[in-house]
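Chemist: Okay, here's what each chain looks like letter by letter:
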Amino acid sequence: MNVVEAKDLARDYHLGVEYVHALRGVTFAIPEGDYVAIVGPSGCGKSTLLNLLGAIDQPTRGSVNIRGNSVAGMRDREATEFRLRNIGFVFQRFYLMPTLTARENVELPMSEAGLGRAERGERARELLSYVGLGHRERHRPSELSGGEQQRVAIARALANKPAILLADEPTGELDAKTGAEIIGLFGQLNSDGTTIIVVTHDEDLASAARRKIHMRDGLIVDG
Amino acid sequence: MRFALAWSSLRRHGTRTLLAILGVAVAAAMLLDMVMMSTGLRESFRELLLSRGFQLRLAPKGTLPFDTDATIENSSAIVATLRSNPRIVIVSAVLGGTIHIPLGDRVVTSATLGVDPAVQGDYELLSGRDPLGPNDIAGNDDFLRATGAKMGDTLEVATGYDPQLRTYAGSRRLVVTGRVRFLYGAANQLATAMRLETLQEMGGPDRRDDASLFMMKVRNDSEVESTRDWIEKTVPGVSAISTSTALAQVDQRLSYFRQLALILGTVSLFVGFLLVTTLMTVSVNERISEITVMRALGVSRVHVVQQIVLEGIFITIGGAIAGLGLGLLTARYLNGILSSFPGLPVAIDFFLFQPKAAWMSLGLLSLSGIAAGIYPSYRAASLPIATTLRQEAIA
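Residue numbers (the working numbering), protein chains in the order written: chain A, 4 to 226; chain B, 1489 to 1883.
If you anchor each label on the Cβ, the simulated ranges turn out as follows:
id: 1; chain 1: A; residue 1: H142; chain 2: B; residue 2: G1824; range: 51 to 57 Å
id: 2; chain 1: B; residue 1: L1855; chain 2: A; residue 2: R78; range: 26 to 32 Å
id: 3; chain 1: A; residue 1: H142; chain 2: B; residue 2: I1825; range: 52 to 58 Å
id: 4; chain 1: B; residue 1: R1500; chain 2: A; residue 2: G71; range: 37 to 43 Å
id: 5; chain 1: A; residue 1: H138; chain 2: B; residue 2: L1855; range: 43 to 49 Å
id: 6; chain 1: B; residue 1: Y1821; chain 2: A; residue 2: H142; range: 45 to 51 Å
id: 7; chain 1: B; residue 1: F1758; chain 2: A; residue 2: G19; range: 38 to 44 Å
id: 8; chain 1: B; residue 1: T1754; chain 2: A; residue 2: S148; range: 51 to 57 Å
id: 9; chain 1: A; residue 1: R78; chain 2: B; residue 2: S1732; range: 56 to 62 Å
id: 10; chain 1: A; residue 1: E81; chain 2: B; residue 2: Y1821; range: 57 to 63 Å
id: 11; chain 1: B; residue 1: I1858; chain 2: A; residue 2: E81; range: 26 to 32 Å
These aren't lab readings, by the way, just hints derived from the structure by calculation.
Built from N, CA and C at the ideal position, the CB exists for glycine as well.
Just chain A, with the same shape it has in the complex:
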């Protein structure tokens, strides 16, 4: 069963006086439990595609279906609720809330989803243990290394048991050793059933994926 289905997906936008065709009409499907790496040169439309899949941007043309829900054309409120329940985001720069502890950061999406304090606390502890940070739950981001922060961000992305985990250059800010640990964690997550779509320039990360989608000039050229 496909968890992601994109048809003729296009995204144009203004960049100053220029009109940029970031995506020119891409069609693909990703089955549940897959681990896909989207690769290609800078400016080829990888991140734009990821944003459309994550419902944080709207396509100019075409459709995206995540678990049978049409994402294109969703209103802000619907898209927000959809992201909360179905999408897990991991960013290159981690983007943890600096004033919250690791556990509170993981609890944030669960709190928004309406989970009770005890339930979300328990799940946050489980997730932090899963990513190997059970002993660091009371630490703030400034007290964690880059790799640890990215692990917290991954735990946060998994908080509401999303349909897909979207990662945009998740190893981009990490050294090779820490990056390898994150690659290992993604592999473990996928083995445990999480569907992962990752945009990357990192050859090691791309190689760890089951499938690669190659993009160039807003089009899928392979995969």
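Got chain A; can you put chain B on it based on the hints?
Modeler: This is chain B only, laid out in the frame that chain A set:
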């Protein structure tokens, strides 16, 4: 969680938050003082007028009580007329004047009131007894201090000083019987009280039946205005002033004062609003990426706005509470200065604390705090997520 996030965001820049709270506190204190001042003087005056239960006053036509030296003649006939009305339960005639006490090579001059001690509403007895006898006098602390007189001492008291001839119209030996506090007395004013008849006699034949003022208690509050109308028609040459008409005149005289308070209060509120808006805008701009990520994670726009508005409310409430204390302190200090203004009753409070007024001003400030957080937070929460994240990444 929003509560914790808002609180931790404020603690993140503790010094800045503290300075903002102090800024709001100053604005809140000024707002509170202005609200207290705009209503305080009037309320204080009203309380003073009603303090002894006299709802009606009679003064010479066209004047306010003791506004001029004018007196009303035939006071005993007027008292009899007033007492004929069953709605008037107490009539207290008062004559104002000045007395002089020669003490060696100096003369102490004091204000004095001729009253009926049994029904008077001008002073309260602190020690000793009322000046019930024809040769009794009671004085306030300033008078007793200036004359060095003690209870039981006899003083040579003169009235009607003629500066041309350097003589007095009348003189009498009076015994100090009581220490009193005058309700309408000004700060540092020397004041005494004696029987009305005593002062009338000391004033010479011209003042034998004069009064400066009549104070009356009316049976029911609801009958005050009808009694006032009756007096105006029945007693010629007087102005009957009820508490409400006196307050109307006070209102008229204080209108500039109230306008000033309103303008300064509005400015304070606006300053508080601008302060919180500025802080919120700076704070939100610093956290654009955090806010955008929260939105990407699925935090609703409303909840983002709520969290930032909460921060504004924390600052405003913190400032308002501090401002309440600061406002009361400054009001007390300013009241001390203004109350010692010559000629004003010392019992008048320029800044009267009224819980309703305090809640109103703090409520207004809290509303402005909420309003201050709404615009910057809504703007940040409405930014396009993908574009903002890309721009933040480039930055």
